[in-house]
Amino acid sequence: MSAAAVIDAEVKEDEVKIVKDATCTFCGCVCDDMELTVVANKITKAKNACVLGKAWFLNHHIEDHPVATIDGQPATLEEGVERAAQILANARYPIVYGLSDTTCEAQRVAVSIADRIGGCVDTTTSVCHGPSGMAFQGVGEVTCTLGEVKNRADLVIFWGGNPAESHPRHWTRYSLMPKGLFVPNGRKGRTAVLVDVRKSKSAAAADIFWQIKPRKDFEVLWALRALVKGVEIDPEIEQETGISLAQMQDLVQRMKSCKFGIIFFGMGLSMTRGKHMNVEAALSLARDLNDYTRFYAKPVRGHGNVTGADNVVAWQTGYPFGVSLGRGYPRFNPGEFTTSDTLARGEADAGLIIASDPAGNFSQPARDHLKKIPYIALDPHESETTRGAAVHFCTATYGINTPGTVYRMDDVPIPLRPAFDSPFPSDETVLRAIEKRVREILRERLTN
Amino acid sequence: MDDIFILIPGRTSRQGTTLNEGKLKADFIEETQTLFMCPDDMTRRGVVDGERVRIRSEFGQVELTCKAAKTGELPPGLLFLPYGDPSSRLMGGETHCTGMPDSKGMDVQLDKLL
Ligand code: SF4
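In the order they appear, the protein sequences are chains A and B.
The first sequence begins at 64 in this note's numbering and counts up one residue at a time.
The second sequence begins at 218 in this note's numbering and counts up one residue at a time.
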């Protein structure tokens, strides 16, 4: 059913509207089985949503905020677009950043702007699973969809994550609890393993829990690879990693003898020292196990459309994040063109920040530099980043107010069915207006 | 005492729900300023539940409210802090050619506030 068919344009005060098959974009699970009850532009019920999804839908409200502010003062959309375009067109080292909480349609316009102004385009991937992206390039990814996991997986390993609190429906909808075509007994037909430095709330749901010593993921993964290949391991590995040789041998036996195994890895691997090397170890282990059975490894992604951001930036530039278009062709170099670095080194001189909050979650040197440069922020809500923006556009919330496409964490595209209209424009609308004006300014410059 | 702890910032259910209420609202700020610590470490360092402490890394420092973690959740020497503004202030700008600052597993020191 199309979005238009489920949404009535006119909303009366006491009218109750049910929106079926809506999509939650709070986390990378992108559950598309929501049933929303909407009363007078307020979501009052979100059936099937987890605790995080409920908070996402039920707290949603239309901000009492001007559509645009320039240096904190109310402005019209047109005035905001003019100022934004002037900032970007006149910058020497502009950055375009964020993008993981907006639609693919908006993301592609943002990449196009970066291309026109010769800027760097980077997404929040660089500070979540960016190292995993580097690892995919290094050793490849044996991949599958969550549907295959649901229907086939009999050994499910979570490494460096806490899905019970960060992705509550991952287990119930995709990976542990559901009955699948070849796993007819659901949870009883699967062995769940959790590996983490902390005995988080997820541990209670696992059949096997390994509490490994901090910063020893690589060592444990590499030891497992060695055991899979029949290489002897010194039992002293337990002192180093907190996991005994017997535990490792038991898991290796389970991994080799399962029918369909998967490692879901979290930011415990990608954010900890070793980063892409930790992830390469997990991906290599999964690859090696394909000599014996079917085995896969997938990152558990955070933001609702961070996977879409990787896909869109890769379609358009050939690389998933950390791309410079400054020479007129794309160059990929994490550590050089990634936003944490361009800011912390004081290189960027202007920014376009879409749906993210670097002023609230970047390192101190990066925040300090961001404060010194003019930047444009698109966000439905106020944040540290919008407060410091030269231009802030208050935009509609994707999925709740605007349609479009997002990618689930397994690279499956999902359409959005919004619940009701917003008085604010979508990110895509604002970005298209900025792009149009940037093109005009650049053309005028060429002809003068 | 200058012993080194390892700090793991991460998500919690409350961090996620209060994020939706607003990052500038009191509940999110409270959640992201709550440091979880192994009860044995608290006894050893003379920190009581609910006490404010200062956490210092090589790159920054923040004041947090200390709470005892559930038994067995955190081994001695490991601290947990829900993601947010304070956890990010402890990160350095160096990304070691990855684009990602060391955001988990940071070496930090803990001071009692006098
Ligand atoms: S698991 Fe994620 S996508 Fe699904 S309902 Fe919960 S927050 Fe939303």
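Calculated from the structure, these hints are not laboratory results.
Careful: at least some of the hints might be erroneous.
Calculated Cβ distances over 12 Å to all of chain A for the following chain B residues [as the list claims (entries may be wrong)]:
1. R231
2. K242
3. T260
4. R261
5. T282
6. T288
7. E290
8. D302
9. D324
With a straight-line cut-off of 30 Å between C-alpha atoms, the simulated DSSO-like cross-links for lysine-lysine are [what the hints assert, rightly or not]:
10. A:K80 <-> A:K110
11. A:K242 <-> A:K279
12. A:K117 <-> B:K242
13. B:K329 <-> A:K242
14. A:K499 <-> A:K435
15. A:K434 <-> B:K284
Which residues of chain A face chain B? A partial, calculated answer using Cβ under 7 Å [unchecked claim]:
16. N122
17. G135
18. G193
19. A309
20. M334
21. T335
22. R336
23. D351
24. S403
25. S426
Note that the Cβ used here is the ideal one computed from N, Cα and C, for glycine as well.
Proposed proximity, K242 of chain B with K117 of chain A (alpha carbon, max 30 Å): 18 Å, holds
Does the interface hint hold: is A309 of chain A within less than 7 Å of chain B, judged Cβ to Cβ? 20 Å, violated
Below or equal to 30 Å on CA atoms is what counts here, so check K499 of chain A against K435 of chain A. It holds: about 27 Å lies between the C-alpha atoms, which stays within 30 Å.
Determine whether the non-interface label on T260 of chain B survives the test: each CB of chain A must be over 12 Å from its CB. 19 Å, holds
Interface hint status, N122 of chain A versus chain B (Cβ within 7 Å): 4 Å, holds
30 Å limit on alpha-carbon distance, applied to hinted pair K434 of chain A and K284 of chain B: At roughly 33 Å apart (the allowed maximum being 30 Å), K284 of chain B and K434 of chain A break the hint.
Outside-interface status for D302 of chain B - nearest CB in chain A farther than 12 Å: 5 Å, violated
30 Å Cα cutoff - pair K329 of chain B, K242 of chain A: With a Cα-Cα distance of about 51 Å, the restraint between K329 of chain B and K242 of chain A is violated, given a limit of 30 Å.
Is the interface hint for G135 of chain A satisfied, with its Cβ closer than 7 Å to some Cβ of chain B? 15 Å, violated
Since E290 of chain B was said not to touch the interface, does its Cβ keep a gap of more than 12 Å from each Cβ of chain A? 5 Å, violated
Just checking, K242 of chain B versus chain A, shortest CB gap more than 12 Å? 10 Å, violated
Agreement of hint G193 of chain A with chain B interface, Cβ distance less than 7 Å: 5 Å, holds
Checked against the numbered hints given earlier, the structure breaks hints 1, 2, 6, 7, 8, 9, 11, 13, 15, 17, 19, 23 and satisfies all the rest.
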